[in-house]
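S.K.: Protein chains in written order, with the working numbering: chain A, 1 to 357; chain B, 1 to 408.
Read the hints as simulated data drawn from the structure, not as lab findings. Each hint should be verified, as a subset may be incorrect.
As the list claims (entries may be wrong) - Below, computed lysine to aspartate or glutamate pairings styled on EDC-like, alpha-carbon distance capped at 16 Å:
| hint | chain 1 | residue 1 | chain 2 | residue 2 |
| --- | --- | --- | --- | --- |
| 1 | B | 19 | A | 149 |
| 2 | B | 254 | A | 312 |
| 3 | A | 64 | B | 37 |
| 4 | B | 19 | A | 148 |
| 5 | B | 30 | B | 16 |
| 6 | A | 64 | B | 31 |
| 7 | A | 64 | B | 105 |
| 8 | B | 297 | A | 45 |
| 9 | B | 146 | A | 8 |
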Amino acid sequence: MATERLTDIGPPDFRKFLSPMITKNYGKWKYHEILKPGVMVHVSETGDKLFTVRAGSPRLLGIKRIRKYAELADKYCDGYLRFTSRHNVEFLLTDQSKIDPLIKDLADLGHPVGGIGPAISSIVHTQGWVHCHSAATDASGVVKAVMDDLHEYFDGTKEIPGKLRIALACCLNMCGAVHCSDIAILGVHRRPPRVQGGLNKLCEIPNVIASCPTAAIRPVTVDGNPSVEIEEENCMFCANCFSVCPALPIADALNDGVSIWVGGKVSNARVEPRFSKLAIPFLPNNPPRWPEVVDAVRNIVDVWATHARKFERMGEFIERIGWPRFFKLTGIEFQKEHIDDFKHAGLTYKRSAQIRL
Amino acid sequence: MAESGGNGNGTPMLDELEKGPWPSFVTQIKETAEFKEEAEQLLHLLERSYHEKMGHWKHGGIVGVLGYGGGVIGRYNDLQDEFPKIAHFHTLRVNMPSGWFYTSDALRTICDIWERHGSGLTNMHGSTGDIILLGTTTDELEPTFKELTEHGFDLGGSGSDVRTPSACVGPARCEWACYDTLDLCNELTHHFQDELHRPAFPYKFKFKCSGCPNDCVAAIARADMSIIGTWRDDIQIDHDEVRAYATAGMDIQKDVCANCPTKCMDWDGKQLTIDNSNCVKCMHCINAMPKALQPGKDRGATILLGSKAPIVQGAQLSSVIIPFIKLEPPYQEIKDLAERIWEFWGEHGKNRERVGELMQRVGLGNFLEAIEIEPTPEMIAHPRENPYVFYEEYYEEGDEEEEAESTV
Chain A
1 MATERLTDIG PPDFRKFLSP MITKNYGKWK YHEILKPGVM VHVSETGDKL FTVRAGSPRL
61 LGIKRIRKYA ELADKYCDGY LRFTSRHNVE FLLTDQSKID PLIKDLADLG HPVGGIGPAI
121 SSIVHTQGWV HCHSAATDAS GVVKAVMDDL HEYFDGTKEI PGKLRIALAC CLNMCGAVHC
181 SDIAILGVHR RPPRVQGGLN KLCEIPNVIA SCPTAAIRPV TVDGNPSVEI EEENCMFCAN
241 CFSVCPALPI ADALNDGVSI WVGGKVSNAR VEPRFSKLAI PFLPNNPPRW PEVVDAVRNI
301 VDVWATHARK FERMGEFIER IGWPRFFKLT GIEFQKEHID DFKHAGLTYK RSAQIRL
Chain B
1 MAESGGNGNG TPMLDELEKG PWPSFVTQIK ETAEFKEEAE QLLHLLERSY HEKMGHWKHG
61 GIVGVLGYGG GVIGRYNDLQ DEFPKIAHFH TLRVNMPSGW FYTSDALRTI CDIWERHGSG
121 LTNMHGSTGD IILLGTTTDE LEPTFKELTE HGFDLGGSGS DVRTPSACVG PARCEWACYD
181 TLDLCNELTH HFQDELHRPA FPYKFKFKCS GCPNDCVAAI ARADMSIIGT WRDDIQIDHD
241 EVRAYATAGM DIQKDVCANC PTKCMDWDGK QLTIDNSNCV KCMHCINAMP KALQPGKDRG
301 ATILLGSKAP IVQGAQLSSV IIPFIKLEPP YQEIKDLAER IWEFWGEHGK NRERVGELMQ
361 RVGLGNFLEA IEIEPTPEMI AHPRENPYVF YEEYYEEGDE EEEAESTV
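Required output: the full structure, derived from the provided sequences and hints.
M.R.: Okay, here's the thing in structure tokens:
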């Protein structure tokens with residue numbers, strides 16, 4: 001009866017999930033073309049054509065919806081589909097005539113088709129209040145509100161100069177790796193952790209002290225028990241101490257919120273990969289639709305879409321016009337918080353007299 | 001019970017997020033709540049978070065499946081009396097197939113298992129790439145795992161171990177794949193199963209495989225070892241197709257040549273010429289004219305190390321460690337390199353110190369020595385600007401040239 005307990009078998013071999021057509025043309029693709037928003041064709045040396053239909057998704061999916069995807073894949077592409085690194089679902093068709101009926105079925109299900117080429121693709125994001133202990137904001141809710149506002153840039157209704165990639169992470173751990181995005185939405189804490197009683201029973205005090213990048217945590221004795229205290233003026237709210245010690249909660253409804261970062265990219269096209277830079281230090285958590293965040297992102301997208309040249313990503317655009325003009329065009333107030341004061345901060349100062357006055 | 005959670009019976013705030021054109025996660029939770037009480041309670045717990053502007057999930061606990069140290073994220077809510085069905089609500093990370101390819105049957109298999117053993121909620125996919133099975137009880141972990149493995153699936157990484165490697169779509173559907181990203185990812189994942197399931201490192205270690213410098217899996221930003229496809233011969237040109245782009249209205253001088261970072265291209269109105277010796281493989285021209293230009297034929301990858309998000313010592317991008325390497329199965333050089341890195345990191349890394357931070361702390365020069373790689377100018381943006389050189393040896397008066405004394 002009892003079957004042997006299997007371990008360390010690893011993931012299934014991807015080759016099992018490739019269609020016969022993909023297997024036949026593996027490594028033989030010659031070029032691709034974008035046929036219309038969210039639809040592209042890859043043409044092989046053999047002359048075979050593979051059509052991809054990319055649809056947006058909320059990332060958080062119930063099994064009922066995944067079964068729907070499976071049904072659509074069976075109906076239109078012999079059951080072959082994949083997901084992208086930005087949470088989109090892609091149907092892989094061999095029959096061009098099935099593209100439009102598939103798009104209609106996806107629309108009926110509430111999934112827009114788009115996100116290919118010069119477009120805003122889905123927002124890479126994290127768990128937020130749905131399932132994370134360290135979230136400074138929700139993830140899915142902010143993403144939903146922002147994409148409701150920007151969907152015309154996803155489905156191609158509105159044209160833009162180039163690619164624009166948005167990401168959201170609900171705290172500085174950055175499970176969403178937002179630090180190299182054209183626009184990044186980052187949950188931030190702004191109140192130092194509160195030291196709870198009995199910390200020494202839950203946490204290794206030397207680990208807690210070592211976890212602080214600014215050495216703001218000191219050992220103390222409280223009521224005869226070892227504990228820690230936090231030099232609040234040296235805390236920059238990274239929450240690394242909370243990651244190693246649950247007795248140092250940092251989330252705080254009054255002070256948590258969202259910051260906005262711009263100009264990062266990972267691709268090597270034209271200019272090298274680069275980090276996103278701070279655009280707006282703080283916006284409040286205002287559920288359910290985070291209007292301040294939606295407006296801020298929309299404003300930055302509009303400024304870029306209006307002024308950027310063809311192909312120019314956000315960071316290239318800002319580099320060309322300069323940061324002072326970026327702040328002027330967006331109307332974002334420049335504040336002390338925009339100036340780096342962590343390691344190597346000096347490298348970010350303007351060290352020349354080349355200024356657009 | 002759920003009725004007492006949230007703000008009364010309804011979820012007015014979350015209901016707002018069912019409006020609008022983008023597909024709604026709230027609809028997904030509600031759809032699942034029709035047959036899963038856990039999803040119903042999650043909905044009300046989340047509604048409460050929306051009112052209070054605070055999460056209600058506690059710090060993870062140590063839970064998992066027998067013999068593994070990773071793959072399960074322990075999760076408990078802090079209102080257990082009100083939301084008992086999700087008192088334990090642990091995540092299973094299930095290792096996805098390379099490139100996130102599935103058949104409809106494979107997806108149904110996952111759905112069926114998750115209907116039997118968990119909340120019915122998922123992420124397709126998590127940020128590192130795993131299939132995220134979102135929420136089940138401690139008792140269900142082992143039975144879920146058993147069914148997953150019986151159907152050919154296994155858990156991914158979590159904690160201080162090899163995290164689930166990921167790969168772009170690669171040669172399965174991309175003409176720009178300079179090596180077989182899917183095969184390398186699959187091979188590394190299977191080869192390092194022990195390192196993936198049993199955390200023994202100072203902190204996490206991620207592999208990401210991108211087939212070209214467009215880097216669709218963000219390897220340079222998100223992987224301790226970033227394996228990015230490239231080539232070292234000439235860009236392949238189909239001159240007729242170049243002219244076809246021009247005829248179709250593309251301004252090749254402005255849109256392509258002027259955007260080249262090294263200005264190694266020229267268009268005279270009839271002929272495109274490329275000084276390939278000065279090409280840095282940025283991909284712009286190829287992206288702009290995919291029918292006319294292709295990466296060269298002598299393909300391989302650049303290996304870069306050390307990227308990470310800010311925690312603890314600041315965010316980093318990966319930096320070049322091997323400018324060019326051919327990648328063929330069984331990829332022994334990559335496996336050996338990873339093991340040399342882990343050996344040095346295991347000995348010298350501090351708790352929660354990523355490889356990129358270790359490289360900074362000990363210096364890239366010393367790190368290269370430790371992992372037995374010769375320094376080359378491709379590894380730096382420019383040579384040092386400061387004169388504070390840590391020479392390790394000096395001569396004493398009367399020394400023979402070859403008998404320099406160590407200062408250590």
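S.K.: Evaluate each hint against the coordinates.
M.R.: Checked hints:
no. : hint          : in the structure
1   : B/19 x A/149  : holds, 11 Å
2   : B/254 x A/312 : holds, 13 Å
3   : A/64 x B/37   : holds, 15 Å
4   : B/19 x A/148  : holds, 9 Å
5   : B/30 x B/16   : holds, 13 Å
6   : A/64 x B/31   : holds, 7 Å
7   : A/64 x B/105  : holds, 14 Å
8   : B/297 x A/45  : holds, 15 Å
9   : B/146 x A/8   : holds, 12 Å
Hint compliance for this structure: no hint is broken.
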